[in-house]
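Just so you know, the protein sequences line up as chains A and B, in that order.
Going by our numbering, the first residue of the first sequence is number 1, and it counts up by one from there.
Going by our numbering, the first residue of the second sequence is number 1, and it counts up by one from there.
Hints were generated in silico from the structure; no laboratory data involved.
Each residue gets a CB set at the ideal place from its N, CA and C atoms; glycine is no exception.
Warning: the hint list may mix true and false statements.
Computed, partial: chain B to chain A, Cβ under 10 Å [to be verified]:
| # | residue |
| --- | --- |
| 1 | Met24 |
| 2 | Phe30 |
| 3 | Val55 |
| 4 | Glu57 |
Facing chain B, according to a computed beta carbon distance under 7 Å, are these residues of chain A, among others [as the list claims (entries may be wrong)]:
| # | residue |
| --- | --- |
| 5 | Val87 |
| 6 | Cys134 |
| 7 | Gly180 |
| 8 | Glu183 |
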Amino acid sequence: MYVILRKERFNDFISRLSEMQRLFAPVLKGYNNFAFEEVTSGKEIATKYIPTILPPKKFFIPQHETLLEFNLAQGMDVEAIVEFEPVTLFGVHTCDLAGIQCLNMVFSERPKDYNYLTRRSKIILVGLECNEYCDEYASCNLVNANFPKGGYDLFFTDLGDHFIIHVNTRTGDEIIKETGSFEKADTSHINELEKLRKKKRKVFGNEVPIEGKHIPELFDKSFNADVWRDLEERCLACGNCTNVCPTCYCFDIRDEIDLNLKGGTRYRLWYSCQLESFAKIAGDINFRKGRSARQRHRYYRKFRYPVDKFLRFFCTGCGRCTRTCMAGISLKETLGELIKESEGKHGKGSYKRF
Amino acid sequence: MGRVVIKDSNYRVKKARILRAKKMTENEKFFEIALTEGSLDHEPGQFVMVSLMGVGEVPISVCSSPARRDSFDICVRAVGKVTKCMHTLEVGDEVGIRGPYGKGFPIRILEGNDLLIIAGGLGLVPLRSLIHYVLDSRRDFGMVQILFGCKEPKDILFSDELEQWSERIDLNYACTVDRADPDWKGNVGLITTLIPGIDIEPSRTFAAAVGPPVMYKFVIKELLARGLPERQILLSFERHMKCGIGKCGRCQIQDIYCCQDGPVFNYEQIKDVSESL
């Protein structure tokens, strides 16, 4: 079902939405930086924005998340808890919706992670379509994440003086009814949307000279590529790329005792395969000692390993890793160089399995 | 912020109590542990996550036979914060347990075959669960041989058990140390030096080798040279693990999650997986 929201009613809608439960949306944070922050009026929201500094995963797997609470006097009588908050996220791009879908797969796979699943069930997602590229770092077309493919309650598309909204769930329908800001969409609106999508297909093209379906084969041939050695020289192993990635979810688990020394918590926090200690075991043995091996691991975890397990890429083309990299390592360039190297070694189009 | 207690959280620990504690060497301590409720019900080669609240949680191999249901054994080398703290634990102290996790030795497949067990140093610990299982149902297996090697005689674990095994008529047992001390009367040399001397029928022998990463390369080479098929060489990998349930990513070897897909693998599964050995 589709409905229409006139732009002059946008502020009113956002105010009402923020009254229903806490509302987070992209807001401008200094020059060309955006973040999902709490809003109460439409004026605060940046409806045209490049991917936020941190993806919405911060609501699904917080950087610091309590798993257990314990009391030292009670020994092992511990409570497993979930901290959650019902929130609405407005303005989630398709790349980030795809990222959330990846996380959903990981955490609902058995053995399930009930912390994630509980928190997810309390989050309402309102998507927002990108009518054009956000900037030159995005590669969402390559990984097929530039069009909506579910994963939201409502999905907004800007059609000039109004938004057309796809209502995907009953929760979405309740919002439509409760805020009362919407009108029914007629055929002309749907046609407008179709026209936009058609135009989009012309605007968006593969950002790297390869078809998505050939990427796994490219990676099959590239494990020992020189490209990784080049990254060894450049990567600073800071872990920024994994922090900002919408699908990176690796974590560490730590214990912390309260200042009163009576109780404490076991919590998980974001961790990164780019850090030297990640694959280290007792006896100082490190299975991914070099930065090249760690960068390679990151790329394979985006483009090769999940393809077998989840039948999709764990890269959503958002471009955050490239934007944030202090050493200027670019995902598009790395893929481009892998293609070049593969073609240099094995001939043009050699990564395709005929 | 809402907060709910979840009963089915996979991070919840089960309460357990130490029944027996014994320092085995300078760095290793043995514990017999009983869950307060229920039994562990593990497979040989599986591991548990052991918790000390406020200190942390570590993956530790179970080293007793599943045939003993009311308690289980672990042997802990003091390496990091949690394991060092565990060395201060004594009888009656509580620990938290999650698991058992992972895929252990495929005992159903091993039955009816000859077994060659190769333990290097602390590798004896996970293998002890298999050895005890085999001894508990000895009739179901063919010839069973155990090779054990460690750095120095003072590092030998479970020495009383090793002595018993060396005397059993239903086991072939050999042992070596890398460096002897003046009282040592046995073999000296790396564990691989024992392999050429053993009698095996490759078609019906499974080898289970556990030891430090450096040992694997050489042992595998020797076993392949003796004609053992790749699929019949079983190895157990050590990785750091935080969750044990295939999420945290710490134990990942390419696309393999050591905690769920392993820690026991056959050589065919991992021979082309770099970063595994």
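Now for the hints, and whether the structure bears them out:
1. Residue-level restraint check for Met24 (chain B) is violated (minimum Cβ-Cβ distance to chain A is 17 Å; threshold 10 Å).
2. For Phe30 (chain B), the suggested interface contact is broken, since its CB lies about 18 Å from the closest CB of chain A, more than 10 Å.
3. For Val55 (chain B), the shortest C-beta to C-beta distance to chain A is roughly 6 Å, which falls under 10 Å, so the interface hint holds.
4. The beta carbon of Glu57 (chain B) comes within 6 Å of a beta carbon in chain A, closer than 10 Å, and the hint placing it at the interface holds.
5. With its C-beta approaching chain B no nearer than about 11 Å, Val87 (chain A) sits outside the 7 Å limit, and its interface hint is violated.
6. For Cys134 (chain A), the interface hint is violated, the least distance from its beta-carbon to any beta-carbon of chain B being 28 Å, above 7 Å.
7. The interface hint given for Gly180 (chain A) is violated, since its Cβ lies 28 Å from the closest Cβ of chain B, which is over the 7 Å cut-off.
8. Nearest Cβ of chain B to the Cβ of Glu183 (chain A): about 35 Å, over the 7 Å cut. The hint is violated.
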